[in-house]
Amino acid sequence: MAASKSQIEELYDFIYPLAVRAGEILLEGYQNAGKAVALKDGEFYNVVTAYDNQIEEFLVEKILARYPDHKFIGEEDTHKNDNVTKELTDAPTWIIDPIDGTSNFIKQIPHVSVSIGLSIKKQIVLGVVNNPAQNKLYTAKLGQGAFCNGKPIQVSSCEHLNDANVAYEVCLLHAPKIRNKHIKRIYHVGSNARRLLAYSAVVDSLCMVAAGNLDAFHIEDMYPWDCAAGYLLIREAGGVVTHPYGGPFDIMKPDLICAGTETLRAEIEHLIRKADQEKHVGGE
Amino acid sequence: MSSAVSESKLKEYYDVALKLVLKCGPLMQEGYQKAKTEYKVKADFYDLVTVYDKQIEDILTEGLVAAFPESLIIGEEESAVSQRQAELTDAPTWIIDPIDGTTNFIHRIPHCCISVGLAINKELVVGIIYNPPANELFSAYKGHGAYLNGEPIHTSKVTTIKQAVIAYEISLIHAAGVRDKNVKRLYKMASNATGTRCFGSAALTLCYVATGQCDAYHVEDLKPWDIAAGAIILTEAGGTVCHTSGSKFDVMKPDCVCAATPELAKNVISLIEEAGQITEYTFK
Numbered sequence: 001m002a003a004s005k006s007q008i009e010e011l012y013d014f015i016y017p018l019a020v021r022a023g024e025i026l027l028e029g030y031q032n033a034g035k036a037v038a039l040k041d042g043e044f045y046n047v048v049t050a051y052d053n054q055i056e057e058f059l060v061e062k063i064l065a066r067y068p069d070h071k072f073i074g075e076e077d078t079h080k081n082d083n084v085t086k087e088l089t090d091a092p093t094w095i096i097d098p099i100d101g102t103s104n105f106i107k108q109i110p111h112v113s114v115s116i117g118l119s120i121k122k123q124i125v126l127g128v129v130n131n132p133a134q135n136k137l138y139t140a141k142l143g144q145g146a147f148c149n150g151k152p153i154q155v156s157s158c159e160h161l162n163d164a165n166v167a168y169e170v171c172l173l174h175a176p177k178i179r180n181k182h183i184k185r186i187y188h189v190g191s192n193a194r195r196l197l198a199y200s201a202v203v204d205s206l207c208m209v210a211a212g213n214l215d216a217f218h219i220e221d222m223y224p225w226d227c228a229a230g231y232l233l234i235r236e237a238g239g240v241v242t243h244p245y246g247g248p249f250d251i252m253k254p255d256l257i258c259a260g261t262e263t264l265r266a267e268i269e270h271l272i273r274k275a276d277q278e279k280h281v282g283g284e
Numbered sequence: 001m002s003s004a005v006s007e008s009k010l011k012e013y014y015d016v017a018l019k020l021v022l023k024c025g026p027l028m029q030e031g032y033q034k035a036k037t038e039y040k041v042k043a044d045f046y047d048l049v050t051v052y053d054k055q056i057e058d059i060l061t062e063g064l065v066a067a068f069p070e071s072l073i074i075g076e077e078e079s080a081v082s083q084r085q086a087e088l089t090d091a092p093t094w095i096i097d098p099i100d101g102t103t104n105f106i107h108r109i110p111h112c113c114i115s116v117g118l119a120i121n122k123e124l125v126v127g128i129i130y131n132p133p134a135n136e137l138f139s140a141y142k143g144h145g146a147y148l149n150g151e152p153i154h155t156s157k158v159t160t161i162k163q164a165v166i167a168y169e170i171s172l173i174h175a176a177g178v179r180d181k182n183v184k185r186l187y188k189m190a191s192n193a194t195g196t197r198c199f200g201s202a203a204l205t206l207c208y209v210a211t212g213q214c215d216a217y218h219v220e221d222l223k224p225w226d227i228a229a230g231a232i233i234l235t236e237a238g239g240t241v242c243h244t245s246g247s248k249f250d251v252m253k254p255d256c257v258c259a260a261t262p263e264l265a266k267n268v269i270s271l272i273e274e275a276g277q278i279t280e281y282t283f284k
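Chains W and C are the protein sequences, given in the same order.
Residue 125 in the numbering used here sits at position 125 of the first sequence, and the numbers go up by one each step.
Residue 11 in the numbering used here sits at position 11 of the second sequence, and the numbers go up by one each step.
To be clear, the hints were calculated from the coordinates, so they are not data collected in a lab.
Worth double-checking, as some hints may not be accurate.
[To be verified] Pairs of lysine-lysine residues, derived as BS3-like cross-links and limited to a Cα-Cα distance of at most 25 Å, are as follows:
1) W:LYS136 to C:LYS34
2) C:LYS34 to W:LYS151
3) W:LYS181 to C:LYS181
4) C:LYS162 to W:LYS177
5) C:LYS142 to W:LYS177
6) C:LYS34 to C:LYS142
7) W:LYS274 to C:LYS181
8) W:LYS151 to W:LYS136
9) W:LYS121 to W:LYS71
10) W:LYS5 to W:LYS80
11) W:LYS181 to C:LYS162
What you are looking at is a predicted structure, and each value in this text was computed from that prediction instead of being measured.
Only chain C is shown next, with the shape it has when bound in the complex:
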């Protein structure tokens, strides 16, 4: 590493980010309670989300840049506004999703969260994910373990797909361009796993693997801010995060297999390869 971050600096990044995320809790909860009750026209739902997304992102980015002027921001709202594909440099870079699980937020399903990750020298070092409706605060920084509301969390010890409860973003079937891939993979994985879930929030699903509530998760075609914070939380909880091919995870193109154990990750990768061999599939 060209300039290693010191322990105390890392702790400072973590502490400041944690305070800012907690500060956004009441605002997010306000939006969550308001959703669906006071808005009757569909377009208004999404306008509502945009308002809270923006307000939360502003609090986070203003607070972080004020505390750490040298740092950069990669975020969903920022990317939407600038229409510019973000690049990750060696500079400390906050990777932010102000509301992950927006459909859950609108429908008042308690799987939605604020997600803040930090990468330094292109390596993830801090992750904070806060789900106010369920009172879940997940946090981690490199080398110091992962926590849920201050208590240590650890992945399960599951090593085979037959024992595993897996999570899968089934909603990706909605997108024609990735439909066939996802139907085949879901078919293979759900056929072999003991259970399959879909919660509608990638960030929280990574946390549920970190806590051992799920054992594995595979997803592709999402954005860095969907995955960044959850990936460091999961690895600090003892889990494994790699690219779908089994190679090194790349947060800027976060196609990944996440698992409680390396053995389970290999099982999942094998099934994905098998899914790719399905030829008798005739749906169109």
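Isolated chain W, as found in the complex:
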């Protein structure tokens, strides 16, 4: 049996103020990052790591104090586990990204978030995302809708890619091993989409689909903590989330297409399949 409604309610009431506080810590770092203009390259990442750790430690400490048997899956948590992501079990498991959009955090580009998802019996039951730079706190409980700052949010009704605002993680072109796959997909999706946008912020892009600001988003080669909370927000906002080839979404290997409508999602799937059959862009 899945988590009970009262259990979800209790956990939501517990985590909400912590997500607010985590957002305050994130905002402090975001505002200070801009003052560190003179920092050398490596030092930027020391700043990010410090805030990443501070936020994660704050959340983990508070959660364990109240729920000592709960588990965690997160970027910093994985790093401390010799970069091996733990398996998802039936135990209540918090899937946390303390700062999504770390490059934006450094540059003060307002697409940054703390993302907190909760899985019970391998089902995502809570999603809370705080983007303090835009003063947006997104929340969803399984079966109870999605909200931004307490107001209901809903995906868009866009059904045709030619009309659609779509986001893509273009930064993935920076990674040689997956570059050809992504340039082909960008070519095909971009050729057909009215707008192709890129924010380098997976969590925020998922929230923007949930809120109807974006009509669709495709991402691959990312991590569970990038997608857990956003996945539930989109589902609770009435959207669809599948594997890029149309199968069920898997939080532990969270390659996905998400969209306001199944019709739009299917069109993107078709183009991704087509792209994957094409020859790659030359050279390199």
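Given chain W, put chain C in place with the hints provided.
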């Protein structure tokens, strides 16, 4: 110069334009909040934008011509109505986009703005860009620096593409006539840059290079009103704006490379040249 504009006259142009742009803020915000909520039919979205575009442009043009009867107007709405290709003369000429980032405006993504530039003797001398949803007012006039909400802004010190967060109008891939060019250039630039963004507003992207949030931006095939105000803001913030070939920037055919530093601009131009050499590209 045949008739140099005096400092006090330049300041007057700036002050009057600033007041008028601020006056349009509540109207733009009204439209932004209304978008997507009250319109369910696609055609109505674009009718909505047209209404606000026209109202804002009317306030700006009527105010500017009343204050400066000798000045001329080049604008998106004006060009659309007259179907006439505008020419830039030595006369003081306001180059206006009442809403830049219209797709963002419709979808309530906070990257949309009012953009007003002034050219005298064919040289850009005033730039004002106002993004009411994000409470960002960028302003500059020649020789007096660039400002965000009254605070001085300056470009980053990045000199190499490997350190750079670049911006690129990926949506141009949608246009068949310029698709191949843009896919190749995106491929080259995103492969080499540390990050790549696309915000869907050229005017604001120029401002984000001015603030150091991005380090470089390349775009072609846009209109003078997309680029004019942002170009003077960027140069007053210490950045460089040149034609894609490296020659002098021409606001009436604003194909450009914009960068935090001249060295970075050269890096970007080299990559664009390399992109032009890609021959193994087999997509069609």
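So, going through the hints one by one against the coordinates:
| no. | hint | in the structure |
| --- | --- | --- |
| 1 | W:LYS136 to C:LYS34 | holds (18 Å) |
| 2 | C:LYS34 to W:LYS151 | holds (16 Å) |
| 3 | W:LYS181 to C:LYS181 | holds (19 Å) |
| 4 | C:LYS162 to W:LYS177 | holds (18 Å) |
| 5 | C:LYS142 to W:LYS177 | violated (46 Å) |
| 6 | C:LYS34 to C:LYS142 | violated (36 Å) |
| 7 | W:LYS274 to C:LYS181 | holds (21 Å) |
| 8 | W:LYS151 to W:LYS136 | holds (11 Å) |
| 9 | W:LYS121 to W:LYS71 | holds (12 Å) |
| 10 | W:LYS5 to W:LYS80 | violated (33 Å) |
| 11 | W:LYS181 to C:LYS162 | holds (22 Å) |
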